[in-house]
Structures are given as structure tokens and as C-alpha cells.
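Novice: One-letter residues, chain by chain:
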Amino acid sequence: MEYKIKKVSAPNRDEVELLGATFEEGNPEGEDAGRWRQKLDTRMEKLKYLENGERYWYGKDWFGSEKRKTPA
Amino acid sequence: MAEEEKKKKSVDQATVEMIEKASSDGCSIVFERAETLKPCPIGAVGSCCSNCAMGPCRVPLPKGREETPEEKAKRRGICGATAETIAARNFVRMIASGAAAHGDHGRKVAEVFLAAAKGEAPGYQVKDEQKLLQLALELGISIADRSNEEIAVDIGELAQQEFGRQEGELLFLRRAPLKRQELWRKLGVAPRGVDREVVETMHRTHMGVDQDYKNLLHQGVRTALSDGWGGSMIATELQDILFGTPSPVFSQINLGVLKEDQVNLLIHGHEPQLAEMIAVVAQDPEMVKYAKSKGSNGINLVGMCCTANEILMRHGIPIGGNFLQQELAIVTGAVEAIVVDVQCIMQGLVEVARCYHTKVITTDDKARIQGATHITFDEYNAIESAKSIIRAAIDNFTNRTKSIRIPQYKTGLIAGFSHETINYLLGGLFRASYRPLNDNIINGRIRGVAGVVGCNNVRVTHDDGHLAMVRELIKNDVLVLQTGCSAMASAKAGLMVPEAAVQYAGEGLASVCEAVGIPPVLHMGACIDNSRILIAATAMVKDGGLGDDISDLPAAGAAPEWMSEKAISIGQYFVASGVFTVFGVTWPTLGSKEVTDHLFRDMEDMYGGMWAFEPDPVKAAHMMIEHIDKKRKALGIDKARERVLYDMAMRRELE
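Just so you know, the sequences run in chain order A and B.
5 is the number of the first residue of the first sequence in our numbering; add one for each residue after it.
8 is the number of the first residue of the second sequence in our numbering; add one for each residue after it.
It should be emphasised that the hints constitute simulated quantities derived from the structure, not laboratory data.
All C-beta atoms, glycine included, are put in the ideal place defined by N, C-alpha and C.
Just to be clear, a hint being listed does not mean it is correct.
[Stated by the list, open to error] What follows is a list of derived Cβ distance ranges for each label pair:
#1 B/Pro443 - A/Asn16: 27 to 35 Å
#2 B/Arg442 - A/Lys10: 26 to 34 Å
#3 B/Ile49 - A/Glu55: 51 to 59 Å
#4 B/Glu660 - A/Gly34: 21 to 29 Å
#5 B/Thr408 - A/Pro32: 25 to 33 Å
#6 A/Pro15 - B/Val509: 20 to 28 Å
#7 B/Asp654 - A/Asp45: 43 to 51 Å
[Unchecked claim] Simulated coverage check for chain A against chain B, where a stretch passes if three residues somewhere in it have a Cβ under 8 Å from a Cβ of chain B:
#8 6 to 15
#9 48 to 54
#10 57 to 65
[To be verified] Each computed SDA-like pair below joins lysine to any residue, with the alpha-carbon atoms no more than 20 Å apart:
#11 B/Lys417 - B/Asp268
#12 A/Lys50 - B/Lys417
#13 A/Lys50 - B/Arg83
#14 B/Lys482 - B/Gly513
#15 B/Lys482 - B/Asp623
#16 A/Lys50 - B/Ala151
#17 A/Lys52 - B/Leu146
#18 B/Lys417 - B/Gly501
#19 A/Lys43 - B/Lys482
Just chain B, same shape as in the assembly (with noise of 0.2 Å):
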């Protein structure tokens, strides 16, 4: 493979150096399979209707020239679709079935959560009880003497219920900046029960039913809603409850984290009671006694993809990588075992595995896969479960065999930044406050605040996106905060620690950073805690200063590599919030001008947020900098201002 082709697929040397060793093995690896199954050009921009057996239906833009007005009315699939309908239909399907995989999370956590808080699952227990009590002051639950169990109880019972709520709206809308409150419930967007949000989509998307794409978009965005201050809020708040509010915790990333002398076992999905009770159960002396007995010098726990930053975030367990890093873990020989669960697993791995002696585990009965070893992870005797997977990891360490080269790359990071630690970090423990950074937004000394989040995309140079666009950010005195794969990306290239401020952040931005301790892009957690940014926002809005709504504050959102469904409706769910949001790779709607205008346009003078589209990351950042400093204009911080002591006379004469 060229020097230079090599270079195109990564940025990160770990996974260049990988991607070399999976060629000279013979295995397939995603990077391979991109190169000889190229997208399809029309369903990539929304343009293809597969929702009934007449069809599929293709309904391309001419290439190169604009449509004459007859070649559009021609442009309708075999119903009478038009390009607008289908394209805004696969949109808000998109937005569904990310929703879904959020709200189902959500729920499998709600479950859990109260079955521990009724003794049904032994090894989970409440942690936070100040969470606890928070949820229970919000959701209005007697706190008086009550045991913690007793609340939780409660609290679980009312989280179950937010799903099938087929009237009102979602409790933690409450949590929303008045002004947007209001504005939901204007524009008729507030969401009712999660499930029934998605249902009514699915409904709306089906043959013969909603046909008026605003109207579609419409119904999209209210399911986006029920994802980012539902679904994913609920799980976000319940996993802390049970497993502890993330503060800032060191540790470290990429693959040079694997030990050649330890069993390595590799957990990788999305929800953390499973790699809670491995984190836990992998530190057992029996378990170490086991490994040991195997030739091995103990367990090395690893992370990958979001379960990696639920466990990194509350116990510093170091990460291996990012999404498309999964196969590249197996690749270098050393991984006993991958133990997955739901979202953004891909098949891929089984094939990779059988070039090694790696063992793919998969342990939730709704997400198997063909070829892999199942071992059902019970949470109602999760320690027995775990000590089962953990064993079978342990197991496999005989049989490795000689390719082993785990790249030497690895780099510290700080994570844990959740909303409650940001306010603690800011104002102390006795006035905890997001003061300080609206005062230093007022100055000009953080020009603004961006959340750069969201996948990988191997249809771009891995990382490239996110490095190129944060690093424009910062230095561009913008704080980013980050969840996901992205966030994975800033801190394996060292810029999730402190010192990076005065290395790559802006002067004023460094100054901040360097008087609270702080480094200049903040590691919120996993995708699903992408609700956290939401809490961020909204309390520097109710903290003042900055305006009265989301969409008032100088902030902007991107994710310049997206690729899964849950992307797409994180980014509605953002836009609906009032931040402008802009996308990179590609944009599912270009096949339709007026559905992909509506997002882009239109959808500011609804939401104060809109869509946005632009590959290159440079170019996404400056248009997210010049929307944060229209909002500067807006709020008349954008020049300096002369400080003026006014003495008394000049007081009365204000009055």
C-alpha cells in the first residue's frame, strides 16, 4: 500500500500501523471493504423510497445542471411520491430509529434501575444519592425520610412511565430554558411519550400516509425532542444515580493501552451495567488468580466505542479507541476477547476475529451475531454473568498465537466533565456557577462554546475531520465540549489535558483554562450523554448574561464525521434546542431542495437553530465561529467596552 494512500485512511499512527499489519495477515478490515463498496449516490442524498413493494423507487437529480421545472414534476416514485416526500420520509426515519436506539437504552436502564432499587438485582445499588435526590425534587417525589431505595422506587416507576406517555409531555422538557418551553409548546413540537413519538413516525413514513414534507419534518423534530430531553436524558440520569456522576478522572487512550502480557479483554457498545459489573468483577482476586493461572500477569479491562467513555468517565478503565478502531484491537493479536452489546458493532469483527484467536462475545439477546460465542448477560445476577464472560476471555489466552504487535501509541487525557463538575469546577463548593464562564464570554476572552461530537466515517480520513475542526475551534478561543468517537479523537492527539491549552487554544481561551485547571475541550461522556451539553447550555442561559433562550447563546454544534442514524437525530434534537448545526461527509436530504432549504433555512426562524453542510472541517468551523459571533452582535458583546466607575453623582443621574 502507497505511503500516501495509507495516510489518507487515518490520522492516528496506531491505526495506520494496524491497517498495515491487517493487509499483511490477509484479513479484511473495514478500510478494505470501503474501498471496493462504494456508497450509492442516490441513497445518499434521500432520493431512493424502498417503504413498499412497488418500488424501490429512484428519484435522482439531473447530474451537473439544475432540474427543468418538467423533469422535477416527473421526479415522483410509483405512487406519486414526490422527491420532497421521500426525502423528508428517510430523514425522520433516520431521526426514529435514532431515537429508538436511545430510548431503548434509556429503558433497558430504567429497568434495571428499578429493579435494584426493589433488591432484584443484586450488584447494583444507588451511588449518587445526591442524584437521587435531585431527580426527586424535579420529578416531585416525596424525599422526607425515606430511604434511598424507597425514592428510587419512585423515581423508576415515573422514568418507565415517560415511555409509554401517550398524553402531556416529557417531564424533563421542564428542564429547558423557559423561553424554549414555550416555543415547543407554540409550535406544537413538545414531545408526549417517547415510544410514542417513534411509533407515530413509523406510522407517518409509511406508504400512503404523511405526504407533506414539513408536516414530516415537523413530527421528526418532536421525535428528535424525545430522544435528547427524553430518552437519552433519562438513561444519562439513572446511570449516574447507579453508577456515580462523572468527575474528572485521568487515564489514557488508543491502542498501545493493551498489555501483551495481560489477558486483554476488550467491552464495546453502548450501555454501561455491563461493563460496570466486568469493570468491577475483572478486579475479583479469584478472577486474578484465574488469569494468572493461564500464564497471563492478570486482566487488562479496555474500552471501546461509548461503553469505553461510561467506564473511563467513573473509573478511568484506559480506551482503545474509536469506532473504526474496533477491528484493529483484534488485529493486533493480543485481544482475548470483545465483549459487545448494542450499537455500532459491526459484523465485521467475526470475520476479523477468525484471522486470530479473538473471541467476539456478544451478550444481549436483542443484538447477536452469526458466528459469535452468546453468553446472555443476566443484570438480575450480573456478578455470576460477568465472572461467566470474564472466564471465557480468560480461557481463550492459550490459544494465542504469534502475530502480536500492539502499536506503542497511547496518550493521558482527563474526562468526566459532566454538567455537575463543570458548575463545582467554576464557582467551588459553595457556590457552584457557571459565572465565570459567561463573564469570560461577556469579555471576549472564550469567543463562544461548541459541542463537537458524533461517529467515525471511514468514507473520510479517520480523525481528520474532528482534529481539524477542534483544533480550528480553540484556537479560535471557542471552549469545546465533546462526547462519542469524537471526543476519543481529541484526546488521543493530547487535547484533553490541561497543558494543551497554552499549546493549541487561543490566548484568551488558554487564560481561562489555565486559571480554573481545565484543558480547552472538555470530555462530556458517551453519545447518549450528549443531554449533558443540553444541561450545560441551559444553565448558562438561566445563569444570565447571555440572553433567554439556547438559541441566544454564542455556541454552535458539529459533528464532522457522523455516520449512524442516532446522529441525526442528536443533531435535530440540538437544532430543535436552538443551536445551529452543522454537518460533515454527507447530507441525507440533497436530493430534494426544498426538504434540505426547510432544514437549513427555515428551521432558523422556527427554532433560532438550523442544519448546516460542509465536508471540509476548516470551513465548518469558521461557519460555526461566524454564527457565534453573530449571536456576540446579537447580544452587543461583540466589542469591548470601556469600564466606566460611576461615582454617585453619576448614579443618581442614572435614576
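Isolated chain A, as found in the complex (with noise of 0.2 Å):
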């Protein structure tokens, strides 16, 4: 697609190119329009996109907020 460029002005500098929006115009059609989880084929990419994807629950380390030695 064609990237839409626009120029601003910023502070010390003279006008600078941004980078515009990147979505399609338009509406998406058909309710396959949005799905992503197909994207994952077979059961070990599943079971790998649990472990990464969904890691809060399904990671084999403690993770964020509850990195703890003792389980609850």
C-alpha cells in the first residue's frame, strides 16, 4: 500500500515528515475478515503460542507480577 506522508511542524526544527495512517479505507467484509487464529496450523504451533502468547497462565516460569518462589 501507499504510505501517507504528512508534514508537521516541530519545535526547533522545521517542518518534519509523519508517517500517516497505515489501515485500509473502507470496511472489512465477511466474518473471516478479522480471524487470526488459523493463522496457527497445527497443534504444536497452538501449544507453543500457549506457552509464549498466553504465558500469564500457561508459561513454564513465573511471570510479571507474580515472579514468586513460594505458590500461592
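Join the two chains, each given in its own frame, into one complex according to the hints.
Specialist: Given below as C-alpha cells:
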């Protein structure tokens, strides 16, 4: 797609170029338009996604706010 | 009807038009009934006990003044039950009823799920293998080389056991932040089986059992948690496996989605197994051909209420409207059949349908309506059941009268923001994450997050409470998550498209929405899917940087137009999960100051979340913002901090 560039003035500089919106114009059509889970094909890919993407529950290491040694 | 009077009934133009049409057609609808039948002021504040045949006992507060100690001592039922006991009993009975509704929905889904896994329910199958694997990991079910069906049988059986569990605690409690789990155990509110908590609540509120209001409310908490982290969550998760986890989908909403030249089939209620099958069968060429043979141009399937949210999120099927528009859809004169299952279905539909040609078709044997046509939906023979229902609608097309007027209002929306999709949209396929959300809350672009949910209530202007509150929140950079009829109100007003961010949201929130490509108001599903909000909140906690419990988050909840007992159960499980929750319209314990204080104040000390009541939606929004700011302050993110680039020398000093 062709990128939209807009020019804005910045402090202590002349005009600078900014990248505009990068989404496609118009409304998506069909119920498949926003589906993303089909990108994961095999069971192995799905399990890896769970371990990584849903690591809050299924990661092997303690994560984020719950890095604690003693389980609740 | 005076112009001013009509406006008071709804802020939605399609609704106003149809109220007028109903009036000119001589058809009685909920808006008219509300004028002649006023709510009982004693029952509304929880001061009436009808739990035995010695009563009903009414123990109202004196009007317009504080009661004296002598008057308070006399405010008792015939058995001696105090106003506190009566108000608390009524309140926890509302929770039990709401939890039972969600729980029974979950149980039905579990039954169909298990039957599908065993190959006994043709038409249903595992559609989302990833969600299946997710639950297997969570519930400790072996995956190995087993087929999806084998895994699903184990999951289905385990899910069914959750309803009748007699000891221990519900398995999904493990999903909550660790600190929250510890708190529930410490306070003794970790629920056992879903059914057990509901039954115990009904027992305790029977005449002459639990007569300590704090003890009653304690059980109310445990029952509500068995809904949010039990019945509702089981329903949502199993539905996702059977029908697919929602992804972003574009559709349209409001009565303008009805089509004059087609067979309009409205599907209304809550459980998606019926709607899903009708959605599939309505596209069957044999059915379309049959519809055309009756002179129509096809079949137009339209959703109503929470069933609408279910099929919208998974198929993009348009929505006719929310709770207070169910009768008005019939008033258009263009609806061949309104097919209903359970919950929020007004008996008044049958009377309204008599004014036109519409057939009201009940489908669940536990929810029949006198005067309606009953066609049992048999999940074990779902396709044939769906065909019978659709045929009945098609056959009615030729009975249309001349009184057809479809209001020309419909709005585009994007729905389908499940927790999984939000996680994916924020981080991408290779590192799905809530980090960008948390970072933008920490840096202040997003002030906080609010869940605005719940019903419509004819005692206030239709949709006005939802819209006024949501607009105020997003204007103040609060990201709004919505479900149920509340989500539909925002969608009708155009708040659920990405463009709404620039138009209505504060600068900070708009910039984040624009970068991610999401609306400032996210549609997360039906009322059963409030469990998705619990999971999203938990993911925010677990990602880090915003405390270590849901009660630490800069977040709040609301139901500005609530009316059902389910709303009370939902509100209570949010409060017990640590969320400040404000309700509008009316409050059912105002007849007892002690009970109300316990819910509004003591619960904050116990659970970190508490109830509030504010009928003005803008004032309520400000209460939520104030709470969000309080949490930001406690987290130390209330002020912008100077960014300092540390060199090696400065780093060494730190150590």
C-alpha cells in the first residue's frame, strides 16, 4: 500500500515528515475478515503459542507481577 | 404523545419512532406499561419480606427523616427478623437467582459439549482446537496424541462435575491472580460447586435460618464468585471451543437491519447453541429456496439481546437492538418470527405479536410462554430442529399485514474483542502481550480501564445512562470494555468503530487506539462473557507494573441501567474480585443503612473492591475516574516522571 506522509512543524526544527494512518480504507467484509487464530496450523504451533502468548497462565516460568518462589 | 415525553423514553431515534408506531397501532408495550405500573417503593429498597406465609412483612424506613432508635427497634417482621436481615436476605437471593441463571446456562453448554465430543450431537463439533488445548493444559488433562474428541470428553466431564462439586474449590479460581486466590481462601469465600453455593444461599434465606446480615452477605459473595469464576466462565470457555473464540468482526446494529423484502427471523435470548444452528441452517440453499417460494427475497437473520452478541461476535450477524427493543422489533410489522430460549424475554411479546402477524416461538422446555408457539429445540437433532423453526417463520411471511414500517437507523460496529484477541492485537502473533496496554496506563496516555455492562431499565431513559457514562469515560482517557445490552447502546451510537477514538476519546486514549487500530470502546460479548473481563483484568495484573492484584489496577465497573438479578450477581463477583462497581437506577438495600454500609464501605477493606450507587451516569463516571486516580496514586503513576538516561557510573551507584 502507498504510505501517507503528512508534514508537521516540530520544536526547534522545520517541518518534519510523519507517517500517517496505515490501515486500509473502507469496511472489512465477511465474517472471516478479522480471524487470526487460523494462522496457527498444527497442534504444536498452538501449544507453543499458548506457552508464549498466553504465558500469564501457561508459561513455564513465573511471570510479571507473580515472580515468586512460593506458590500460593 | 408530547415530543418531550417521547424523548424521555429513549435517546435512540429508532426506538422513539417505534414507540410512536405502537401507540398509533393501539399496541401495549413496556414503555406504556411503565407509566401505569409504578415500582413498589418498599420492595425496591429491600424492605419487604415474603419468605413465609405469616407475611409479607413490610418494614419501610420513615419518609424524609432519620429514624429514631425506638422506630428502628420496631422495624421487624412478624418473626422478629430485622430490616437488616430482610434486606440482606433479599439481596443474596438476587445473587442466587442470577448465579443460577448463568450456572444453568453453563450446565446446558457443558451437556451439549459433552454430547458433541461423544458424537451424539450432530452439527456440533470442536471448532477451536487452541481453546481446547488451553483448557486441557489448565485442567491437567493429557494431550499427547489424543484426538480432539477424546480430550473434549475429559474436559466436558470435568466441567459438569464443577456444578455438583461438594468439597474443595472451583478449578477456574486458579486463573485469578495469586494474591486474590489467597484472599478468597483466607476470607472463606472460595466457592465449592456452583449448585452447592446457590442451594446453600436459598437454604440460608429460608424462614428462620441465617439471621446475621454479614453472614448472609458473606455467602452472597461466595455464590457470586461461583458465577463469575464458575458457571459463567465454564459457559464462555466451552462455547468458545464449540463455536470459536471471537475475533474482530464488522457488522451493523439497530432496527434498520430488518429487511422489508425478506423473511425476518429474530433470535432472542442467551444460549448460543440454538442461534448457532439457526445461523448455519438459515444459509442452507433448500431453506432460501423455500423462503423465495413464499414470495420473499431470502432469509434475514437478526439477533436481539445477548444471543445477538453471541452470533454477532462469531458470524457478524446484525443486531436488531437491546432489551427494551424486543417488543419494538415486532412493532415494525416486518418480523415473521421471534425465536426465544431463556432469560430477559418479556412475556409481553405475545401480546405485542397479537397486534401484528409475528409468531413468538419458544424453544426451551424450561421457558414456555402462554400463547406462544412451542417448538422444542433438540440439541441431539439440532439441524432438523432448526429447520422446523425456520420453516415456521417462512410460512408466516404471507401473513404480513400492511402495517410495516422499518425505522431507517443502523450503525456499523466492530465486535469480537475476547481476551485472546486483545492479547493478540496488542502484541502480535509472536509475542502476544498486555504490555502495551500496561505501559500506556503507566505513562498516562490511558488513565485506566472501565467495564460498563448490564441491561436496559424502562425506569430510566433507554440507553441514555450507558451513553452518557461511556462518553464521559473515554473523554477522560479511560478505555471501556463492554458486554450485553450496554455494549449495544454504545454500538448504536457509533462508539464501537476505530474512528470513534478521534471523535470522542481524550487525546491520550485516541493516540493508543489509533496506533493499535481499535475502537475506544471494546465489545467483549454477551452478559455471560463478563468472565472475559475478569480474565483481561487478571492478564493486566500478571503482566506486571500495575500491582499484584485486581484491586490494585486503575479500573472500575458499572451497570448504569441494570434491571436483572444476574446484574447483581455480576456486580458482586466483580466487587469480590477487587473492582469498584457502581450501579444506577435504584439500589435494592437502601432500606437498611447497615447492609448498605457493609456493601459500600466494609467490602473495600475486605476485598479491595466495593459497591456504590449513583443514578446520574455522569456523576457515576466521575466516581469511577476518582477511584481510578486513587489507584494510580497508590501505584505511584499519578504524576509524569522525568526520564533519566542512566550511564554506567550511575548504574554502579545504584548497586
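Novice: It remains to establish, for every hint, whether it holds in the given structure.
Specialist: Hint check:
1. At roughly 29 Å, the beta carbons of proline 443 of chain B and asparagine 16 of chain A sit within the given window of 27 to 35 Å.
2. A hinted range of 26 to 34 Å for the beta carbons of arginine 442 of chain B and lysine 10 of chain A is consistent with their spacing of about 28 Å.
3. Against the hinted window of 51 to 59 Å, the Cβ-Cβ separation of isoleucine 49 of chain B and glutamate 55 of chain A comes to about 57 Å, which satisfies the hint.
4. Separation of glutamate 660 of chain B from glycine 34 of chain A is about 59 Å and departs from the stated range, judged on CB atoms against 21 to 29 Å.
5. The hinted range of 25 to 33 Å is not satisfied by threonine 408 of chain B and proline 32 of chain A, whose Cβ atoms lie roughly 38 Å apart.
6. Restraint check, proline 15 of chain A to valine 509 of chain B: a C-beta distance of roughly 23 Å satisfies the suggested window 20 to 28 Å.
7. The hinted range of 43 to 51 Å is satisfied by aspartate 654 of chain B and aspartate 45 of chain A, whose Cβ atoms lie roughly 47 Å apart.
8. For the region 6 to 15 of chain A, the assignment as covered by chain B is violated, since 0 residues bring a beta-carbon within under 8 Å of that chain's beta-carbons and 3 are needed.
9. Closer than 8 Å: that is the beta-carbon criterion, and the region 48 to 54 of chain A has 4 residues meeting it against chain B, so the requirement of 3 holds.
10. For the region 57 to 65 of chain A, the assignment as covered by chain B holds, since 5 residues bring a beta-carbon within under 8 Å of that chain's beta-carbons and 3 suffice.
11. As the CA atoms of lysine 417 of chain B and aspartate 268 of chain B are separated by approximately 17 Å, the hinted pair is consistent with the 20 Å bound.
12. Between lysine 50 of chain A and lysine 417 of chain B the alpha-carbon distance is near 38 Å, which puts this suggested pair outside the 20 Å criterion.
13. Between the alpha carbons of lysine 50 of chain A and arginine 83 of chain B the distance comes to roughly 60 Å, so the proposed pair goes past 20 Å and is violated.
14. A C-alpha spacing of about 4 Å is found between lysine 482 of chain B and glycine 513 of chain B, which places the hinted pair at or below 20 Å, so the restraint holds.
15. Restraint check for lysine 482 of chain B and aspartate 623 of chain B: satisfied, since their Cα atoms lie roughly 17 Å apart, inside the 20 Å limit.
16. Among the hinted pairs, lysine 50 of chain A with alanine 151 of chain B is consistent with the structure: their alpha-carbon atoms are about 13 Å apart, no more than 20 Å.
17. Straight-line distance between C-alpha atoms of lysine 52 of chain A and leucine 146 of chain B comes to about 18 Å, which keeps the hinted pair within the 20 Å bound.
18. Between lysine 417 of chain B and glycine 501 of chain B the alpha-carbon distance is near 10 Å, which keeps this suggested pair within the 20 Å criterion.
19. Of the pairs offered as hints, the one joining lysine 43 of chain A and lysine 482 of chain B is violated, with about 36 Å between alpha carbons and a cut-off of 20 Å exceeded.
Checked against the numbered hints above, the structure breaks hints 4, 5, 8, 12, 13, 19 and satisfies the rest.
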